[in-house]
Amino acid sequence: MSKARIALVGMPNTGKSTLFNRLSGASARVGNWPGMTVELEIARLLVSARMVELVDLPGLNNLHGFSEDERIARHFLETQSLDALIVVLNATQIERQLAFALQIKQLGLPLVLVLNMADEAIRRHVLIDREALEKALGYPVCLISAKYGHGTQTVRQALEAVLQNKASTAPSQPRATQIQALLEDDAIEVQTTALLAEAVRTPQTPAITYTDRIDSLLLHPGLGVVAFFFILLGLFQIVYSVGAPLQELLGEILEAAKTDWIAPLLTPLPAALTSFLLDGLYDGVGTVATFLPIILTFYLVMSAVEDSGYMARAAFLMDALMSRMGLDGRAFVMQIMGFGCNVPAVMGTRVLRNPLQRRLSMLIIPFSLCSARLQVFLFFTTAVFSPQAAPWVLLSFYILSFLVAFLTAFIWRGQVGEQEPLVMELPPYRYPTFAYLALQALREAGQFLRGAGGFIIAGVAIIWLLTHLPWGVTPASPQSWAGQIATFTTPLFEPLGINNLLSIALMFGFVAKEVVVGALAVIYGAGPNELAGIVARSMDWRQAYSFMLFTLLYTPCLATLATIRRESRSLKFTFASMAWSIAVAWLASFAFYQIVTY
Amino acid sequence: MKPSDPVLTQLDQLPVGMLATVCYIEAQTEMTARLRALGIKPGNQISVVRSAPLSGPLQIRAGQTDIILRRSEAATIHVNPAF
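From first to last, the protein sequence lines are chains S and X.
Start counting the first sequence at 1; every next residue gets the next number (this note's numbering).
Start counting the second sequence at 1; every next residue gets the next number (this note's numbering).
It is possible that some hints are incorrect.
Said to hold, decoys possible - Distance ranges between label pairs, derived from CB positions:
{"no.": "1", "chain 1": "S", "residue 1": "Leu442", "chain 2": "X", "residue 2": "Gly17", "range": "40 to 48 Å"}
{"no.": "2", "chain 1": "S", "residue 1": "Arg201", "chain 2": "X", "residue 2": "Thr29", "range": "31 to 39 Å"}
{"no.": "3", "chain 1": "S", "residue 1": "Arg324", "chain 2": "X", "residue 2": "Ala27", "range": "49 to 57 Å"}
{"no.": "4", "chain 1": "X", "residue 1": "Gly17", "chain 2": "S", "residue 2": "Gly251", "range": "21 to 29 Å"}
{"no.": "5", "chain 1": "S", "residue 1": "Leu46", "chain 2": "X", "residue 2": "Leu8", "range": "54 to 62 Å"}
Claimed, not checked - List time: in silico EDC-like cross-link candidates among lysine to aspartate or glutamate, alpha-carbon distance up to 20 Å:
{"no.": "6", "chain 1": "X", "residue 1": "Lys41", "chain 2": "S", "residue 2": "Glu78"}
{"no.": "7", "chain 1": "S", "residue 1": "Lys135", "chain 2": "S", "residue 2": "Glu78"}
{"no.": "8", "chain 1": "X", "residue 1": "Lys41", "chain 2": "X", "residue 2": "Asp12"}
{"no.": "9", "chain 1": "S", "residue 1": "Lys3", "chain 2": "S", "residue 2": "Glu41"}
{"no.": "10", "chain 1": "S", "residue 1": "Lys572", "chain 2": "S", "residue 2": "Glu530"}
{"no.": "11", "chain 1": "X", "residue 1": "Lys41", "chain 2": "S", "residue 2": "Glu41"}
For the record, the hints were derived by calculation from the structure and aren't laboratory data.
Here the structure is a predicted model, which means the values were calculated and not measured.
For glycine and all other residues, C-beta sits at the position ideal for the given N, C-alpha and C.
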């Protein structure tokens, strides 16, 4: 029998993706579609000996909505061939969502109506007569809880039935025309009201729920904001105290494997080739690998924030501030998470559904003072500043990081175009389930590997070539290509108080900020214990501050750039964002150095 | 109910906690369609649960659904408060 294709449709926050994961297990992958510019998740499953391709469409409020997600879903429904649809509704809100199911029914495709969160509906005294609905609709209706896996088996059985009964139901007219015709929803309105009266009982006034009680604290105008910052601090601490040591440990293991096992194996090869393989390629792969622990922890935490319903609360609390910059409160959460690591924060901007808002958010995240940059600052502040001054210097960089990010957003907010209205559901609080979070985190890590891995390795290899060519020079010395570039760009860096040796270190910083200090040790030919002394003698506080300011702003690391490219799908935007950061960094350092040395 | 009816008010002016019936919405068709999908449509009862600090958005309750809406969008929704 031929392959069948089924799409999952539903309003946002109906647990559609949870059902998708329940049905598909771990078999889901991201697929491209002819004529579609986006990737959609698809999975293959076997329904009564027949291969079925299941596609997860983005959430849509109705068939003529204006958001990016709705456009994508509608376009898919209009252009792709389909054998059946699974329509997912939130059972608790069946009163308002049933009209959506009736709209979809007009498309003429066989469908299975899934009423998710049936457990929650019962708790809220929403009573649904499944059989009456089934009879009125003429299609199977399943009451399930996708989160706990209750009733997902009935969805499979219903699918079987629908696919078997399916006579030739080729749509009599193109679906696009049908969707146009649906703009007249008056008839559906009448049908919905009749059906609801027949099959559904909802309480007159919604009961006071535990969500209301939690919200009276967490959305309180004063306490709520305080709680918000404590929650952010907590999240940050988790990512930082779990992810960062894992990242370090993995780095050490990879380093040990390199010197103890791989280097001895390569001894028969010529020295230059060994160096390229080890310090170029192997370190490139290592850089990619060390990001995995932080991405995994980040996503465990972030999915928990989203699945619990708190993300929408963050949007509510911070909207007054962020809307002035063309963003909404969710962007604020990502900005803060960027202080741990920019890479997952950029990936996290996917919660912003408007692509232009996402770009604006991706433009400002690289200004977040991530933990790698913190290492550089800690080294320089302790080497150059007095113990009394050092903490204040550090604090000043955190403040500058915020200022530059917000200023950038403020300047570019016009590019987002007319501000999209904020119309968002505030879902009740729900317990996230660990298995689902872990699945999500693993999937994100896999996507990072596939999407950004190659770009990072290539970048590391290029930097290796720059610092090791022409053959025979001392790596990263003024004679190397990197050194020559540094000499060439001296007129640019001199007014910032940054000398040639420091600007070579900045080229290393392009790969990863963690290596800047190590690179300086190589460049100055200093042992790890002598470097601080040498740095302190070779520059005054103004030069040190200017160098740090430049390091904070000039360009995020390669991994962040690779992620921006992956997420924005635009090399042009990636380079534009890099050019913007470099320009801002140069101007800031220039202004600072010229003023303090005047 | 006509637009000129004196008891009508805009949703952003509705006191917190007071129930009101939606009378008409003065927004683009797309916006109206989305609000309708979320349960804000003429004839339905809604209320403002709370407002966010610094003139931030409003939390609106329509049936079993809570919705975040900016004040500017709330102003397009004309309601008839129940006393």
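Results for each hint:
Under the hint 40 to 48 Å, the C-beta atoms of Leu442 (chain S) and Gly17 (chain X), about 45 Å apart, fit the expected range. Checked against the hint of 31 to 39 Å, the pair Arg201 (chain S) and Thr29 (chain X) passes, with Cβ atoms roughly 32 Å apart. Taken as a hint, the range 49 to 57 Å is violated for the pair Arg324 (chain S) and Ala27 (chain X), whose Cβ atoms sit roughly 22 Å apart. Separation of Gly17 (chain X) from Gly251 (chain S) is about 55 Å and departs from the stated range, judged on CB atoms against 21 to 29 Å.
The given range of 54 to 62 Å is respected by Leu46 (chain S) and Leu8 (chain X), whose C-beta atoms sit roughly 58 Å from each other. Between Lys41 (chain X) and Glu78 (chain S) the CA atoms are separated by roughly 27 Å; this puts the pair beyond 20 Å, and the hint is violated. Our distance criterion of 20 Å between C-alpha atoms is broken by Lys135 (chain S) and Glu78 (chain S), whose separation comes to about 28 Å. Under the criterion of a C-alpha separation no larger than 20 Å, the hint pairing Lys41 (chain X) with Asp12 (chain X) is consistent with the structure, at around 16 Å.
Annotation: proposed proximity of Lys3 (chain S) to Glu41 (chain S) holds, straight-line Cα distance about 17 Å (limit 20 Å). Simply put, Lys572 (chain S) and Glu530 (chain S) have alpha-carbon atoms about 42 Å apart, too far for the 20 Å limit, and the pair is violated. The straight-line distance between the Cα atoms of Lys41 (chain X) and Glu41 (chain S) is roughly 33 Å, outside the 20 Å bound, and the hint therefore fails.
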